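Here this note's numbering is used: the first residue of the sequence shown is 9, the next is one more, and so on.
Treat the hints loosely; a few may be bogus.
[Stated by the list, open to error] Think about it this way: if two alpha-carbon atoms lie no more than 30 Å apart in a straight line, the pair counts; the simulated DSSO-like pairs of lysine-lysine are:
{"hint": "1", "residue 1": "Lys337", "residue 2": "Lys286"}
{"hint": "2", "residue 1": "Lys337", "residue 2": "Lys379"}
{"hint": "3", "residue 1": "Lys290", "residue 2": "Lys21"}
{"hint": "4", "residue 1": "Lys192", "residue 2": "Lys290"}
{"hint": "5", "residue 1": "Lys290", "residue 2": "Lys337"}
{"hint": "6", "residue 1": "Lys406", "residue 2": "Lys379"}
Source of the hints: derived by calculation from the structure; they are not laboratory data.
These figures come from a predicted structure and were not determined experimentally.
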Amino acid sequence: MSILPDSLPPTTKLYWQDPYRTAFTARVLHRLEVDGRPGVVLNRTCFYPAGGGQPHDIGALAGIPVVDVTGDEAGRIIHWLQAPLPDEPDEVHGEIDWPRRFDFMQQHSGQHLLSAAFQDRLYRPTIGFHLSDNSVTIDLPGPPPDDEAAARVLDFVQAAIAEARPIIARLHPLEEAIRLPLRKPPQVDGPVRVVEIQGLDWSACGGTHLRNTAEIGHLVITRMERRGDQTRVHFLAGGRAARDHLERIRITRELTSRLSTSLGDLPAAIQRMQDQVKQSQKAVRQARELLTRAEAQRLIAEAPHTGGVDVVYHILEQDELWDMESLIKMLISFPSVVAVLGSMEAGRARWIAGRSENVPMNMLDNLAELKETFAGVQGGGSRDLIQGVAPDFDTLTKALHLLQAFAFDLPDLISEE
Numbered sequence: 009m010s011i012l013p014d015s016l017p018p019t020t021k022l023y024w025q026d027p028y029r030t031a032f033t034a035r036v037l038h039r040l041e042v043d044g045r046p047g048v049v050l051n052r053t054c055f056y057p058a059g060g061g062q063p064h065d066i067g068a069l070a071g072i073p074v075v076d077v078t079g080d081e082a083g084r085i086i087h088w089l090q091a092p093l094p095d096e097p098d099e100v101h102g103e104i105d106w107p108r109r110f111d112f113m114q115q116h117s118g119q120h121l122l123s124a125a126f127q128d129r130l131y132r133p134t135i136g137f138h139l140s141d142n143s144v145t146i147d148l149p150g151p152p153p154d155d156e157a158a159a160r161v162l163d164f165v166q167a168a169i170a171e172a173r174p175i176i177a178r179l180h181p182l183e184e185a186i187r188l189p190l191r192k193p194p195q196v197d198g199p200v201r202v203v204e205i206q207g208l209d210w211s212a213c214g215g216t217h218l219r220n221t222a223e224i225g226h227l228v229i230t231r232m233e234r235r236g237d238q239t240r241v242h243f244l245a246g247g248r249a250a251r252d253h254l255e256r257i258r259i260t261r262e263l264t265s266r267l268s269t270s271l272g273d274l275p276a277a278i279q280r281m282q283d284q285v286k287q288s289q290k291a292v293r294q295a296r297e298l299l300t301r302a303e304a305q306r307l308i309a310e311a312p313h314t315g316g317v318d319v320v321y322h323i324l325e326q327d328e329l330w331d332m333e334s335l336i337k338m339l340i341s342f343p344s345v346v347a348v349l350g351s352m353e354a355g356r357a358r359w360i361a362g363r364s365e366n367v368p369m370n371m372l373d374n375l376a377e378l379k380e381t382f383a384g385v386q387g388g389g390s391r392d393l394i395q396g397v398a399p400d401f402d403t404l405t406k407a408l409h410l411l412q413a414f415a416f417d418l419p420d421l422i423s424e425e
């Protein structure tokens with residue numbers, strides 16, 4: 009249901025008559041405000057309303073920024089403003105943001121051509137289209153095409169761009185439109201606006217388009233990703249493609265300089281660097297494991313021994329090379345150990361406690377008593393290992409001492425062999 013009076017006539021779409029027109033004058037037919045947003049309806053406009061996958065234009069009316077543009081089923085277009093228009097005069101001057109409009113025209117015309125290419129070369133219809141300030145995509149049925157198939161699609165696109173084929177938009181009666189080789193059946197009951205890339209593609213579309221394919225300039229596919237049983241194709245056209253190309257050149261130049269290699273040898277140089285990083289990471293892991301083992305052995309050697317069990321109590325400092333999880337796992341990998349560890353990380357009190365496989369202690373029983381004794385202590389775990397947080401350092405130390413006391417109360421069931 010429209011928020012506009014039925015008596016308002018359809019808005020004359022100047023953007024259909026001339027998508028390159030950037031300024032106009034028009035009469036104010038209706039003023040409104042919805043949820044604090046002022047809006048106006050004009051007798052004619054250059055502002056394109058959001059629809060068909062293409063975002064709305066922005067610009068200004070009487071110097072006031074136009075922040076959104078919407079249309080209703082009766083063809084009336086509402087310009088939503090940053091502030092209300094003055095009451096007088098009834099005639100206003102409007103101007104669209106041309107760089108944004110032209111960018112969208114390049115992307116939208118590029119999408120029509122790319123969709124035609126996928127249909128012609130791979131028999132893959134476009135089932136979705138999205139265009140925004142930062143991205144443009146189409147969706148295809150099935151898995152992503154391989155590199156050879158994608159190359160055939162792009163060859164089709166670049167050939168059409170080089171041919172500067174006219175792009176023509178016309179309104180057709182419905183009975184005439186359905187006889188055209190449209191990529192998709194029309195979704196309207198009345199006249200159908202068809203955008204034709206001469207001799208290549210016919211699409212029912214209400215968007216703004218270029219004069220010819222040469223104005224697309226260039227089109228690149230940047231990524232293809234599988235999404236369920238569909239493929240999302242990310243691409244760039246026109247100025248976006250040019251800027252992307254320049255950025256890739258800059259990055260490539262920087263990489264070849266940093267790695268002291270040529271463009272052709274860059275992949276091999278990166279592979280060598282990745283191999284070196286993996287080897288270094290493996291060496292670091294092995295060294296860290298050796299250091300953690302040595303620290304665990306030191307803590308066990310210095311720990312009090314009771315009931316056949318070494319009871320380790322330790323609060324980690326921030327500059328220690330191992331984390332609590334690695335240290336506790338190393339400690340309880342040795343037989344006859346109960347370990348209680350704590351740390352303060354970014355002001356957060358954490359604790360962890362565990363026991364060796366041969367120690368007859370159910371850590372979950374200890375956890376239940378811990379929660380009953382200290383407010384704010386939280387945690388979970390298993391029969392072998394529990395962990396959690398405390399509200400502050402004082403509560404942390406008290407909780408750790410209680411866990412240590414549980415170990416001291418163990419019966420002497422561990423063999424001293």
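Which hints from the list above does the structure break, by number from lowest to highest?
Violated hints (numbers, rising): 3, 4; every other hint is consistent with the structure.
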